[in-house]
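Each protein sequence line maps, in turn, to chains Y and X.
The numbers in the numbering used here rise by one with no breaks, and the one at position 234 of the first sequence is 234.
The numbers in the numbering used here rise by one with no breaks, and the one at position 153 of the second sequence is 453.
Among the hints, a few may not be true.
Lysine to any residue pairs mimicking SDA-like chemistry, simulated, CA-CA at most 20 Å apart [stated by the list, open to error]:
{"#": "1", "chain 1": "Y", "residue 1": "K209", "chain 2": "X", "residue 2": "M360"}
{"#": "2", "chain 1": "Y", "residue 1": "K202", "chain 2": "X", "residue 2": "L448"}
{"#": "3", "chain 1": "Y", "residue 1": "K202", "chain 2": "X", "residue 2": "S450"}
{"#": "4", "chain 1": "Y", "residue 1": "K202", "chain 2": "X", "residue 2": "N508"}
{"#": "5", "chain 1": "Y", "residue 1": "K202", "chain 2": "X", "residue 2": "G419"}
Hints were generated in silico from the structure; no laboratory data involved.
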Amino acid sequence: MATASDARDKNWFIDKFFQSLMFVCGISAIVFVVGIFLFVFKEGLGFIVNDLNVAEFFFSPKWRPTSLHQPTYGILAMVAGTAAVTVLAMAICLPFSIGAAIFIAEFATGKTREILKILIEFLAAIPSVVWGFIALSIMNPLIITTFEVPMGLGVLNSALILALMAAPIVTSIAEDAFKAVPDTYREAAEALGATRWQTIHKVVLPAAKNGLLSAGLLGVGRGFGETMAILMASGHSINIPTSVFDSFRALTATIAAELGETAVGSPHYQSLFAIGIFLFFITFLINMTADFIVRGVKKG
Amino acid sequence: MVSTAHNKIEVQDLSIHYGAHKALGNVSLTVRKNEIFGIIGPANSGKTSFLNAVNRMDMMRPNMNVSGTVRIDGIETRSWRNVYALRRKIGVVFPLPVGLPLTVYDNVALAPRLAGTAGSRADLNELVERCLRRAALWDEVKDRLTHLGSLLSGGQQQRLTIARALSQSPEILMLDEFSIAVDPVTTMRIEDVLKELKEEVTIILVTNLVQQANRLADRTAFFLNGECVEIDDTETLFSGSAKDPRTNDYIGGKFG
Ligand SMILES: Nc1ncnc2c1ncn2[C@@H]1O[C@H](COP(=O)(O)OP(=O)(O)OP(=O)(O)O)[C@@H](O)[C@H]1O
Ligand SMILES: [Mg+2]
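With the rest of the complex left out, here is chain Y:
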């Protein structure tokens, strides 16, 4: 029935226009992601098809792409190093960050809170390379003298740096998670006679669980993705670390350090892209896990 009251007015067209605009923006995000993935995949494909020995790639600790008689492409040492550092960094970072977030969200008021938040934002603004510099010139001698070891670059140094780098973002995501818990929950708990700590422990933390989980996983993602600071703090020698003072080499740092020196299209070049694909895969897995856990939590 096309009556006058059914006429498509200005608002209708504006609405359609913005809907289309949002659609284009949304689609373009997908296009970029797929595009990047295709590029990386295409570059690594030749290696995966021609040169990749799966067993060697994943289970050999030897990364000798430039060896003349027998190049080996094993990433085991780098995976072990990266994973060890990430785990250690999170073990250091999460308790502090969540504690800081609890303090900021639940206890601090007025000036204290503002100052803390500014300090944390300041921490987040420090560029990666400055952290690497701190690792080399402050942490390194500190670790050497404190623990009386010959070298201060390695797992411990990297984990400390990574923990410090991840702390601001983990703290602010965790704080958001606490802020998202309605005050009515807190008041209901306190009216039941819950102490401040009981309120946080029994009501706020469970309610913020999902947000805290994503904060943690963001930290893990950061650990796998961080390049520059780790390149400087790790010692960069290929080695499966057996102690926290051992040097290691990160997956990302390998790509960053070697990509410029390889001939485009060579097996070495392609193998670096294969590492890229592997990193993609890890990130994907982390996100899937997060999704999975969050959904499990929701079902209760």
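Place chain X with the ligands on chain Y using the hints.
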């Protein structure tokens, strides 16, 4: 004011300020043991603020200042060092139901667990069932005790809140406009529950429904703009013999 055995709560010269804003001024009243004490009044008259002062929730609000005294069983609430123990004596039901994001069971079991009085699993099961029954909710949730309490319907959540408030075996139950998000049938059921409960607890019933106070309250106070205009037996107030014309106007539906 002399403290007598059947006075549960004695309030004297209670004033509440939010910063410079006065929300309640010089209220003095007594609530007797095992009565339902109604508080009626339009929005912003200071009813919720009054309740918050009784269980000292002002401690959570830096801008809320309370002066005057509130005595429970003759003991000034301000002299309690362990305010959490004080609050355990007072159950609170809020205007909008607050189903905590815990299971139905855990919602009701929370208070005894917090207080460390949960006892054995069997005791706790029994307590949870008893509280849910008294809140007229047991039959509806007995098969989904492990579901999230926050997923119940609004009316069910409000009864869950009442069950939760009862689980701490309170001496005082304060309800703040509990029926605001509840359908009339459920409201009636909760009202019946309250009539039974008053055998065991003292109830302060803040309500925006004048007739609800008429149905339930033994005595009623009328708050208006931070002032306690009048307190009397509910019957007296509603029979048209209120002393203050504003009370008559409000009860008669002339404003508010
Ligand atoms: N946290 C607060 N901060 C500042 N002012 C407040 C706060 N809580 C209440 N007030 C003010 O105190 C006055 C009384 O509010 P109160 O909530 O006690 O009224 P009420 O009688 O419960 O109203 P309603 O029927 O709408 O619930 C209002 O003017 C309100 O704006
Ligand atoms: Mg109110």
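Hint-by-hint comparison with the structure:
1. Y:K209 / X:M360: violated (24 Å)
2. Y:K202 / X:L448: Since the Cα atoms of K202 of chain Y and L448 of chain X sit roughly 15 Å apart, the hinted pair holds (cutoff 20 Å).
3. Y:K202 / X:S450: Measuring from Cα to Cα gives roughly 15 Å; hence the hint holds.
4. Y:K202 / X:N508: violated (33 Å)
5. Y:K202 / X:G419: Since the Cα atoms of K202 of chain Y and G419 of chain X sit roughly 18 Å apart, the hinted pair holds (cutoff 20 Å).
Hint compliance for this structure: hints 1, 4 are broken, all remaining hints hold.
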